[in-house]
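Q: Given next are the chains, with one letter for each unit.
Protein chains: 2
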Amino acid sequence: MENKAGTKPPHHVVIVGGGFGGLYTAKALNSKDINVTLIDKRNFHLFQPLLYQVATGTLSPADISSPLRSVLNKSKNTKVLLGEVSDIDPEKQNVMMGGEKIPYDSLIIATGAKHSYFGKDEWEEYAPGLKTVEDAIEMRRRIFMAFEAAEQETDEEKRRALLTFVVVGGGPTGVELAGAIAELAYGILKEDFRNIDTSETQVMLLEGMDRVLPPFAPELSAKAQKSLEDLGVSVVTKTLVTGIEGDIVTIKQGDESKQFGARTVLWAAGVKASPLGKAIAEKTGSETDRAGRVIVEPDLSLKGYPNIYVIGDLAHFAHQTGRPLPGVAPVAMQEGQYVAKSIKQQLKGNTIPPFQYFDKGSLAVIGQHAAVVDLGFMKLTGFVAWLFWLLIHVYYLVEFDNKLVVMIQWVWNYFTRNRGARLITGKDLPAPVEVNSKPDYYPAVNNNKTVNV
Amino acid sequence: MENKAGTKPPHHVVIVGGGFGGLYTAKALNSKDINVTLIDKRNFHLFQPLLYQVATGTLSPADISSPLRSVLNKSKNTKVLLGEVSDIDPEKQNVMMGGEKIPYDSLIIATGAKHSYFGKDEWEEYAPGLKTVEDAIEMRRRIFMAFEAAEQETDEEKRRALLTFVVVGGGPTGVELAGAIAELAYGILKEDFRNIDTSETQVMLLEGMDRVLPPFAPELSAKAQKSLEDLGVSVVTKTLVTGIEGDIVTIKQGDESKQFGARTVLWAAGVKASPLGKAIAEKTGSETDRAGRVIVEPDLSLKGYPNIYVIGDLAHFAHQTGRPLPGVAPVAMQEGQYVAKSIKQQLKGNTIPPFQYFDKGSLAVIGQHAAVVDLGFMKLTGFVAWLFWLLIHVYYLVEFDNKLVVMIQWVWNYFTRNRGARLITGKDLPAPVEVNSKPDYYPAVNNNKTVNV
Numbered sequence: 001m002e003n004k005a006g007t008k009p010p011h012h013v014v015i016v017g018g019g020f021g022g023l024y025t026a027k028a029l030n031s032k033d034i035n036v037t038l039i040d041k042r043n044f045h046l047f048q049p050l051l052y053q054v055a056t057g058t059l060s061p062a063d064i065s066s067p068l069r070s071v072l073n074k075s076k077n078t079k080v081l082l083g084e085v086s087d088i089d090p091e092k093q094n095v096m097m098g099g100e101k102i103p104y105d106s107l108i109i110a111t112g113a114k115h116s117y118f119g120k121d122e123w124e125e126y127a128p129g130l131k132t133v134e135d136a137i138e139m140r141r142r143i144f145m146a147f148e149a150a151e152q153e154t155d156e157e158k159r160r161a162l163l164t165f166v167v168v169g170g171g172p173t174g175v176e177l178a179g180a181i182a183e184l185a186y187g188i189l190k191e192d193f194r195n196i197d198t199s200e201t202q203v204m205l206l207e208g209m210d211r212v213l214p215p216f217a218p219e220l221s222a223k224a225q226k227s228l229e230d231l232g233v234s235v236v237t238k239t240l241v242t243g244i245e246g247d248i249v250t251i252k253q254g255d256e257s258k259q260f261g262a263r264t265v266l267w268a269a270g271v272k273a274s275p276l277g278k279a280i281a282e283k284t285g286s287e288t289d290r291a292g293r294v295i296v297e298p299d300l301s302l303k304g305y306p307n308i309y310v311i312g313d314l315a316h317f318a319h320q321t322g323r324p325l326p327g328v329a330p331v332a333m334q335e336g337q338y339v340a341k342s343i344k345q346q347l348k349g350n351t352i353p354p355f356q357y358f359d360k361g362s363l364a365v366i367g368q369h370a371a372v373v374d375l376g377f378m379k380l381t382g383f384v385a386w387l388f389w390l391l392i393h394v395y396y397l398v399e400f401d402n403k404l405v406v407m408i409q410w411v412w413n414y415f416t417r418n419r420g421a422r423l424i425t426g427k428d429l430p431a432p433v434e435v436n437s438k439p440d441y442y443p444a445v446n447n448n449k450t451v452n453v
Numbered sequence: 001m002e003n004k005a006g007t008k009p010p011h012h013v014v015i016v017g018g019g020f021g022g023l024y025t026a027k028a029l030n031s032k033d034i035n036v037t038l039i040d041k042r043n044f045h046l047f048q049p050l051l052y053q054v055a056t057g058t059l060s061p062a063d064i065s066s067p068l069r070s071v072l073n074k075s076k077n078t079k080v081l082l083g084e085v086s087d088i089d090p091e092k093q094n095v096m097m098g099g100e101k102i103p104y105d106s107l108i109i110a111t112g113a114k115h116s117y118f119g120k121d122e123w124e125e126y127a128p129g130l131k132t133v134e135d136a137i138e139m140r141r142r143i144f145m146a147f148e149a150a151e152q153e154t155d156e157e158k159r160r161a162l163l164t165f166v167v168v169g170g171g172p173t174g175v176e177l178a179g180a181i182a183e184l185a186y187g188i189l190k191e192d193f194r195n196i197d198t199s200e201t202q203v204m205l206l207e208g209m210d211r212v213l214p215p216f217a218p219e220l221s222a223k224a225q226k227s228l229e230d231l232g233v234s235v236v237t238k239t240l241v242t243g244i245e246g247d248i249v250t251i252k253q254g255d256e257s258k259q260f261g262a263r264t265v266l267w268a269a270g271v272k273a274s275p276l277g278k279a280i281a282e283k284t285g286s287e288t289d290r291a292g293r294v295i296v297e298p299d300l301s302l303k304g305y306p307n308i309y310v311i312g313d314l315a316h317f318a319h320q321t322g323r324p325l326p327g328v329a330p331v332a333m334q335e336g337q338y339v340a341k342s343i344k345q346q347l348k349g350n351t352i353p354p355f356q357y358f359d360k361g362s363l364a365v366i367g368q369h370a371a372v373v374d375l376g377f378m379k380l381t382g383f384v385a386w387l388f389w390l391l392i393h394v395y396y397l398v399e400f401d402n403k404l405v406v407m408i409q410w411v412w413n414y415f416t417r418n419r420g421a422r423l424i425t426g427k428d429l430p431a432p433v434e435v436n437s438k439p440d441y442y443p444a445v446n447n448n449k450t451v452n453v
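Protein sequences appear in the order of chains A and B.
So in full-length UniProt numbering, spot 287 of the first sequence is number 287, and the numbers just go up one at a time.
So in full-length UniProt numbering, spot 176 of the second sequence is number 176, and the numbers just go up one at a time.
Derived from the structure by calculation, the hints contain no laboratory data.
For clarity, every value in this text was computed on a predicted model and none was experimentally measured.
One thing to keep in mind: the hints can contain errors.
[What the hints assert, rightly or not] Some chain A residues flagged as far from chain B (calculated, every beta-carbon gap over 10 Å):
hint	residue
1	His11
2	Gln48
3	His115
4	Glu125
5	Arg211
6	Lys238
7	Lys278
8	Thr288
9	Asp289
10	Ala291
11	Ala318
12	Gln345
13	Gln356
14	Leu375
[Claimed, not checked] Derived Cβ-Cβ restraints for the label pairs, each shown as a range:
hint	chain 1	residue 1	chain 2	residue 2	range
15	A	Asp197	B	Ser86	27 to 33 Å
16	A	Asp197	B	Gly208	54 to 60 Å
17	A	Lys120	B	Gly208	53 to 59 Å
18	B	Glu124	A	Pro275	31 to 37 Å
19	A	Pro275	B	Gly99	40 to 46 Å
20	A	Lys114	B	Gly208	45 to 51 Å
21	B	Pro326	A	Arg194	31 to 37 Å
22	B	Glu124	A	Ile352	55 to 61 Å
23	B	Gln346	A	Arg194	20 to 26 Å
24	A	Pro9	B	Leu390	47 to 53 Å
25	B	Leu390	A	Asp197	37 to 43 Å
26	A	Lys32	B	Gly382	39 to 45 Å
27	B	Ala217	A	Met96	55 to 61 Å
28	B	Val384	A	Met96	52 to 58 Å
All C-beta atoms, glycine included, are put in the ideal place defined by N, C-alpha and C.
Required output: the full structure, derived from the provided sequences and hints.
A: In structure tokens form, the structure reads like this:
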């Protein structure tokens with residue numbers, strides 16, 4: 001289409017989702033020949049890799065959030081809209097947002113994933129997951145409320161259940177959560193209570209496979225387990241959770257079922273793709289995998305729809321290794337940059353080779369002073385790995401708005417451990433009376449069945 | 001009562017409320033002859049004077065919160081309990097908390113005040129006040145959502161209402177809120193939007209009396225008004241709010257009523273005492289004033305109950321000047337310290353003279369670089385006053401846990417304006433569809449009736 005002056009109107013790219021994938025696409029599309037509309041239901045980009053530090057009272061949500069408008073305010077070709085995309089019409093080339101049709105020339109869907117309970121959605125009430133700021137605040141509330149309730153509990157068994165923290169899932173998030181809770185219980189909080197000794201706290205990390213951090217090299221898994229145990233975490237592998245109800249967790253080890261009492265159960269075990277994936281797959285005849293991720297072409301587009309791309313945690317890209325790429329920030333970032341480059345080159349009449357993920361390695365942090373880093377050609381553990389982890393995170397945090405101040409502030413918060421971040425807040429504060437109540441439904445903890453950890 | 005060894009058990013002081021009054025009492029009672037139990041329904045002390053900075057997206061809640069357990073963890077004689085006191089028995093000398101009786105020898109009630117709508121409680125829905133962290137998060141959500149909705153609004157009148165912010169009440173909180181919103185609209189956010197020009201925002205500060213900051217000297221009120229106007233705030237005095245409903249604010253100026261559209265109305269106009277005040281007054285035969293504050297004796301105790309004290313915003317102490325002392329932090333702090341000293345001296349058989357408030361002055365800040373300070377013998381305005389304001393706040397923030405780090409972090413956050421703190425969060429996020437909806441109930445803005453400001 002040509003306008004009055006005989007020049008083409010700018011190519012309009014709509015990006016749905018302001019996570020790593022969407023944001024890096026938008027930043028890379030900064031060009032006067034392209035108009036970009038970025039739609040997100042939140043007004044900020046969240047640095048999810050550090051969300052566990054909000055959940056455990058070290059950082060504030062604002063420390064790991066960047067307003068999308070600020071990050072993109074120098075990209076004058078980019079408009080940010082706060083809203084939720086309810087539908088997509090791939091034939092007429094528009095997306096529906098709050099009753100309004102927004103037309104696109106190219107569409108990038110990057111709405112990510114949320115946690116999944118493998119069909120046991122009723123567990124969510126007892127075992128919250130960690131994907132949003134609200135999730136983190138809720139975890140923080142539960143963790144610190146458990147210590148508060150234990151301080152007031154006179155029944156020994158109930159107190160033991162209150163001081164038992166179970167993290168389900170031994171991936172990076174689970175490892176990071178378990179390590180941070182152990183540091184709280186055995187270090188940071190130890191002077192704070194008068195009736196309880198927080199060193200009696202039990203922190204359990206449950207993993208179904210035979211080792212934590214399954215994607216890492218086995219020797220790193222072993223190192224991570226050792227570091228966790230040094231912090232006081234009980235690492236329990238080859239263990240499946242088969243029930244979570246009230247304060248009772250049921251697990252299965254081989255053929256044996258066991259039960260134990262635990263007030264605080266945190267979920268770090270599985271994810272499923274955002275529902276927009278299924279919607280676009282149905283409309284375009286694309287396939288989805290078991291987790292709801294959309295199977296994409298080698299250039300990250302959808303079959304038959306070369307102007308629709310799916311990237312990040314929502315995409316199932318298996319062209320490189322035969323297995324889908326993992327749902328981590330570097331994959332999303334590289335996919336976003338690839339799609340941006342591809343669109344720019346297409347506008348010049350060029351095509352670029354298929355997407356190739358360059359795996360720079362994996363890393364997970366264990367407490368304040370240890371980590372494991374798997375770079376493929378090199379493996380790091382302990383304090384050196386932790387320093388490496390810190391540098392990488394600081395580097396990518398800074399990229400958001402290219403400001404030294406954010407980096408310094410964050411490092412400062414990290415080292416000084418913003419003490420106020422332990423505050424218990426929320427609209428639905430538990431009635432303080434409940435904290436001290438001794439409800440009838442509270443099941444007896446059968447210590448004979450307690451896992452020996 | 002004597003115990004087996006023939007020595008007296010320690011005197012037990014129960015403090016209800018961990019605000020400035022309760023916390024300063026507890027800190028001053030650090031003595032091995034006294035056991036202290038501090039009860040609060042939150043697990044943190046909140047530095048309320050800076051709450052407006054959370055509401056306007058400069059600081060995080062954690063920056064102005066200190067966990068009570070951390071602040072008091074060196075006071076080994078002090079136990080902190082999270083819970084709500086539901087009843088007090090002044091004859092049997094115990095307080096009820098969650099079904100449990102806690103006996104006391106001395107009792108200090110310092111549960112403060114919340115905002116009051118002068119009987120118009122239905123206004124709370126449209127015009128939230130600012131007393132808790134949750135209040136601040138809600139204000140922040142409303143302020144930033146208004147800009148987001150304006151960006152998507154195509155109807156000019158509705159957009160004008162979305163970009164109209166009304167602060168009700170010209171005391172320090174109102175002045176601080178209005179100044180901070182003006183700085184957001186005319187400075188910080190001005191590059192962030194594509195459809196709206198945030199400089200078209202209108203920020204109105206409504207005050208019933210003939211000047212803002214009525215407790216200050218008139219020349220400081222004039223200076224404050226000038227500073228606010230320089231920032232772009234419309235200061236409207238001698239104006240009463242008579243209606244707030246939906247997006248319509250009704251005001252009365254003299255005999256004339258006017259209406260105008262404003263999506264965001266913030267309440268900084270009045271407070272009423274916490275309900276525990278009325279409860280204890282009824283049980284002890286004490287009187288309360290119109291705001292529900294308990295009228296106390298010259299030593300801050302209740303008539304006929306020399307071991308029960310009421311301090312801080314909950315107390316009506318008029319023995320010094322004939323008028324009640326204002327509900328500000330320095331009054332609560334000095335009262336707490338007085339009561340602690342009084343109890344300690346009584347245990348030694350001594351009495352001390354009646355409480356005397358030493359008024360060090362009043363201060364209010366207007367935006368990032370101006371303030372007014374009234375020290376009685378000296379009045380400061382502008383940047384010098386702002387520096388003074390900063391020093392005072394830093395000093396008292398630091399007192400909480402005597403750590404340099406908190407001070408540096410806070411000053412750092414203040415100067416760099418933690419950008420992430422602009423995040424819109426909350427369990428009950430407004431459905432993004434609503435943001436863009438054009439509800440039928442939306443009343444037409446009658447510009448003929450708009451106040452000429």
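Q: The structure should be examined with respect to each hint, and the outcome stated for every one.
A: How the hints compare with the structure:
1. His11: holds (17 Å)
2. Gln48: holds (14 Å)
3. His115: At roughly 17 Å from the nearest Cβ of chain B, His115/A sits farther out than 10 Å, so the non-interface label holds.
4. Glu125: Per Cβ check, Glu125/A is outside 10 Å of chain B; nearest 14 Å; holds.
5. Arg211: The claim holds: Arg211/A sits with its nearest Cβ about 35 Å from chain B, beyond 10 Å.
6. Lys238: Answer for Lys238/A: holds, closest chain B Cβ roughly 37 Å.
7. Lys278: Answer for Lys278/A: holds, closest chain B Cβ roughly 20 Å.
8. Thr288: holds (24 Å)
9. Asp289: Fine: 28 Å to the nearest Cβ keeps Asp289/A off the interface.
10. Ala291: holds (25 Å)
11. Ala318: Per Cβ check, Ala318/A is outside 10 Å of chain B; nearest 33 Å; holds.
12. Gln345: holds (26 Å)
13. Gln356: holds (33 Å)
14. Leu375: holds (30 Å)
15. Asp197/A / Ser86/B: 27 to 33 Å: holds (29 Å)
16. Asp197/A / Gly208/B: 54 to 60 Å: Holds, since Asp197/A and Gly208/B (Cβ atoms, about 55 Å apart) stay within the stated range.
17. Lys120/A / Gly208/B: 53 to 59 Å: The hint (53 to 59 Å, Cβ to Cβ) holds, given that Lys120/A and Gly208/B are roughly 57 Å apart.
18. Glu124/B / Pro275/A: 31 to 37 Å: Roughly 35 Å apart at Cβ, these two residues keep to the hinted range, so it holds.
19. Pro275/A / Gly99/B: 40 to 46 Å: holds (44 Å)
20. Lys114/A / Gly208/B: 45 to 51 Å: Once the Cβ atoms are compared, 49 Å apart, the range 45 to 51 Å for Gly208/B and Lys114/A holds.
21. Pro326/B / Arg194/A: 31 to 37 Å: holds (35 Å)
22. Glu124/B / Ile352/A: 55 to 61 Å: Because 57 Å falls inside the window, the suggested range holds.
23. Gln346/B / Arg194/A: 20 to 26 Å: With a Cβ separation near 25 Å, Gln346/B and Arg194/A satisfy 20 to 26 Å, so the hint holds.
24. Pro9/A / Leu390/B: 47 to 53 Å: holds (51 Å)
25. Leu390/B / Asp197/A: 37 to 43 Å: holds (41 Å)
26. Lys32/A / Gly382/B: 39 to 45 Å: Holds: the Cβ-Cβ distance is about 44 Å, inside 39 to 45 Å.
27. Ala217/B / Met96/A: 55 to 61 Å: holds (59 Å)
28. Val384/B / Met96/A: 52 to 58 Å: holds (56 Å)
Figure legend: structure checked against the earlier numbered hints; every hint is met.
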